[in-house]
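Chemist: If you're matching them up, the sequences are chains R and G in order. Just so we're on the same page, the working numbering is the position in the first sequence counted from 1, plus 3. Just so we're on the same page, the working numbering is the position in the second sequence counted from 1, plus 25.
It cannot be assumed that every hint is accurate.
[To be verified] Here are the simulated EDC-like pairs of lysine to aspartate or glutamate, each with C-alpha atoms no more than 16 Å apart in a straight line: (1) Lys355/R - Glu333/R; (2) Lys77/G - Asp35/G; (3) Lys61/R - Asp136/R; (4) Lys304/R - Glu389/R; (5) Lys61/R - Glu85/R; (6) Lys7/R - Glu118/G; (7) Lys360/R - Glu333/R; (8) Lys77/G - Glu389/R; (9) Lys156/G - Glu215/R; (10) Lys156/G - Asp22/R; (11) Lys163/G - Glu118/G; (12) Lys77/G - Asp93/G.
[Unchecked claim] Cβ-Cβ distance ranges computed for the label pairs, FRET-style: (13) Gly37/G - Phe302/R: 14 to 24 Å; (14) Arg388/R - Asp242/G: 39 to 49 Å; (15) Ser263/G - Phe302/R: 38 to 48 Å; (16) Glu357/R - Phe36/G: 56 to 66 Å; (17) Thr311/R - Met26/G: 42 to 52 Å; (18) Met26/G - Phe302/R: 33 to 43 Å.
These are computed hints drawn from the structure, not numbers from a lab. These numbers come from a predicted model, not from an experiment. No residue lacks a Cβ here, since even glycine has one placed at the ideal position from N, Cα and C.
Letter by letter, the chains look like this.
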Amino acid sequence: MMRKFFTVFRKEAIDNLRDRRTLFTVLFFGPLFGPLFYTMMMNTVINRQIADLDQPLKLAVVHAERAPGLMDFFRQHNVVIEAAPADPQDAVRTGRRDVVLSVPADYAAAFGDGRPAPLQLVMDKSREKAQKDVERARDLLDNYSRSIATLRLLARGVDPRAGEPLAIEEADVSTPQSRAVLLLGMMPYFFLFAAILGAFYLAIDTTAGERERGSLEPLLTTAAPRGTLVAGKLAAVTLFSAVSLGLDVAALVWCQRFIPAAKVGIALDFSAATALATFLVCAPFCLFIAALLSVVASFTKSYKEAQTWLSFIMILPLVPVLGMILYPVEPAWWMMLFPSLSQDVLVTSLIKGEPLKGSFVALSVLSTLAAGAVLSFVADWLYRREQILG
Amino acid sequence: MIEVTDLRKDFGAVQAVRGVTFSAPDGRITGLLGPNGAGKSTTLRIVSTVLKPGAGAVRVDGVDVLADPGAARLALGVLPHQSGLYPRLTARENIRYFGELNGLTGAALARRVDELVEMLEIGEFADRPAKGFSQGQKIKVALARALVHSPRNLVLDEPTNGLDVMATRALRALIRKLKDAGHCVLFSSHVMQEVAALCDSIVIIAEGRIVARGTVDEIRRQTGEQDLEEAFVKAVLSNQEAAA
Numbered sequence: 004m005m006r007k008f009f010t011v012f013r014k015e016a017i018d019n020l021r022d023r024r025t026l027f028t029v030l031f032f033g034p035l036f037g038p039l040f041y042t043m044m045m046n047t048v049i050n051r052q053i054a055d056l057d058q059p060l061k062l063a064v065v066h067a068e069r070a071p072g073l074m075d076f077f078r079q080h081n082v083v084i085e086a087a088p089a090d091p092q093d094a095v096r097t098g099r100r101d102v103v104l105s106v107p108a109d110y111a112a113a114f115g116d117g118r119p120a121p122l123q124l125v126m127d128k129s130r131e132k133a134q135k136d137v138e139r140a141r142d143l144l145d146n147y148s149r150s151i152a153t154l155r156l157l158a159r160g161v162d163p164r165a166g167e168p169l170a171i172e173e174a175d176v177s178t179p180q181s182r183a184v185l186l187l188g189m190m191p192y193f194f195l196f197a198a199i200l201g202a203f204y205l206a207i208d209t210t211a212g213e214r215e216r217g218s219l220e221p222l223l224t225t226a227a228p229r230g231t232l233v234a235g236k237l238a239a240v241t242l243f244s245a246v247s248l249g250l251d252v253a254a255l256v257w258c259q260r261f262i263p264a265a266k267v268g269i270a271l272d273f274s275a276a277t278a279l280a281t282f283l284v285c286a287p288f289c290l291f292i293a294a295l296l297s298v299v300a301s302f303t304k305s306y307k308e309a310q311t312w313l314s315f316i317m318i319l320p321l322v323p324v325l326g327m328i329l330y331p332v333e334p335a336w337w338m339m340l341f342p343s344l345s346q347d348v349l350v351t352s353l354i355k356g357e358p359l360k361g362s363f364v365a366l367s368v369l370s371t372l373a374a375g376a377v378l379s380f381v382a383d384w385l386y387r388r389e390q391i392l393g
Numbered sequence: 026m027i028e029v030t031d032l033r034k035d036f037g038a039v040q041a042v043r044g045v046t047f048s049a050p051d052g053r054i055t056g057l058l059g060p061n062g063a064g065k066s067t068t069l070r071i072v073s074t075v076l077k078p079g080a081g082a083v084r085v086d087g088v089d090v091l092a093d094p095g096a097a098r099l100a101l102g103v104l105p106h107q108s109g110l111y112p113r114l115t116a117r118e119n120i121r122y123f124g125e126l127n128g129l130t131g132a133a134l135a136r137r138v139d140e141l142v143e144m145l146e147i148g149e150f151a152d153r154p155a156k157g158f159s160q161g162q163k164i165k166v167a168l169a170r171a172l173v174h175s176p177r178n179l180v181l182d183e184p185t186n187g188l189d190v191m192a193t194r195a196l197r198a199l200i201r202k203l204k205d206a207g208h209c210v211l212f213s214s215h216v217m218q219e220v221a222a223l224c225d226s227i228v229i230i231a232e233g234r235i236v237a238r239g240t241v242d243e244i245r246r247q248t249g250e251q252d253l254e255e256a257f258v259k260a261v262l263s264n265q266e267a268a269a
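Looking at chain R on its own, in the form it has when it is part of the complex:
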C-alpha cells in the first residue's frame, strides 16, 4: 500500500519535473514574482519620496516682484523661484507645470493695510504626481501666513497664543516594525499566490491531463487501489505547492536587503526565523489548495477547460486576503476557521513582530487540514465513480 503510494507520488513528481512550463512556474514564476515585483515597487516608491524631500521645490511665480517678503521666505525654505509661463492655467492644465503661484496687483496694498492679501495658487487636483509640490507650496504659504499673523499680534501688544486655542500633540505609537506592515501588507498575498501557482499545473496534469491523454483508463485497470492513486497524486501536488511557497519565503528574506526601508524610518526584519515560522504557518494551506484544485480539475473535461476553471478558482482564496488589505480588522478567532484568511492574519502578525497566539495557530492548522482532508475524500470519491473517465 505504502509502496504503491510512493510509486504514484514519485512518478507524478518526476513526470512533471520534465515539463518545462510546470518547472518554470514552480521554481521561478510562482516564488519570485511576489518578492521581485515588491522589491522593485518599494524601491521606486521610497526613492521618489526621499528624492522629493531633498529636492528644492521649483515654484513658478507670476509677478514675484509684487511680494518680495514672501519670496525671501521661500528662498530661505529651499524654494527656487522660477519665471512664470505666459499662460499659467494652460501650463498647469497641460502638465508642463505642477503648480504656479500668481501675485495679483493689489497684493502689496492689502498686505500693507493688514487686510487678507490675495494670492492665487494654480493647480490640477486630478494629477496625482503634482500633489506633492502643491502640498509643499501650500504648507509654506500657511507657515508664512502664520508667522506674519504672529508678528502682527505682537506689534499690537496681543499675546499671539490667543490665536492658537488648541495645542495638538501627535503621539505615534507605531514601532518601526509595525510600520513595516505598511510595506509588507501585500506579502501574505504573495505567499499564498506562490503556493497556489506551485499546485496549479500539477493539479491539472494529474487529473484532467491524465484523462485527456487517455492514460487514466489503463491506470484504473491496475491493481493499485483508487485511494492510493489519489493520495499519491495529491501528495505530489502538495509537494510542488510547498516547494513554491518555501522558495517564495526564502526569496523575500533575500530580497528585503534591496529595499531601502530604513531611509523612511521602517525596520524591515523578515529574519530566517520569521521566514521559517511563516512557512510552517502556511504549509497546511498547500494541502488544502492541492486538494481544492485537484477536485475542481477532476470535474472538467479537458486540460483547457481545467485551466479556465482553475484560473477562476485560484482567485477565491485571495479574496479574503484582499479584503484584509482594503478593510483591515483586528484578528479574531473565527478568522482562523477559514483557510487563506487564517494564514493571512497569522503571517501579518509575524511580519509585525507580534507574538502568535498558540490557540490561533492550532485552530488555523486544524481547520485548514480538516478542509484539505474533506476535499481529499471528495477527490477519492470522484475516482471511485466511473464518470471520472469523462
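Chain G: place on chain R using the hints.
Modeler: Here is chain G on its own, set in the frame of chain R:
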C-alpha cells in the same frame, strides 16, 4: 478465461449493452466484431473493471469483477482504445510504472521489463520519451505495459487501429504467440478481415446485442453467406429488422 453473463449497461437513456453473454476460453483468441457504436468498447470496459455493469456479471478466471476487482485486475492485462502512454516518461518507465502498481518490485520487475522489451522488440526506443513514438511503437509499449504483471487474460480494444500493414502483421504474430502461450485473448474490431485472420471464435454484436457467434465457418453457415463481410452485414441488418 473470461465469462460474460447477460451483461447490460445504460448511459442515461442510451442502452449501450442489452444482454450480452459469451465466454472467452484460455488458449484461444475471441473476437468481438461489430459496427461502430455497437457496444464493443463498453463491454470491454466493463470486463476491464473501469465501468460497472448495470446488470449481469463478468468473471475473470472465476473471479467476479464486482466482488473482487483487485484480484480481477491482477488477472487482466488491458490495452484500451487509446494507448494512453505518459508522453514525458520513457517506454521503459511507462512499463515499470504499471509493473510497480501491480505489485512487482526490485529485481523481478527489472527482469520482467527487460523480457518484454526483448519480446516486443522495443529495445531501440526503450529509453526515449513516449512523446515522439509512432502509432506502432505506442501500441507495442502499451501492450508491454498490459503484460507486465503476466496476466493470464488479455483485453485488447481495437489494437490495430491506425497501424500500417507491417505493424499490423507484427501485432497479429504477437497475439498468436500469446495465444500459443495459453493466454485468453479477447479483442474487438470493426474490421472483418482482421477478425477472420486472427480469431478462433467470433462474437458479432450490433446495437448492444449478440447477433451471431461461432467460428468463421459456423457464421458463414448460420447466415448462408460465403463471404464473411456479407455474413456480417446480413447478421447486423437482420437484427435491425427484428428490432423494427
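Chemist: Would you pick out the hints that fail for this structure and give their numbers low to high?
Modeler: none
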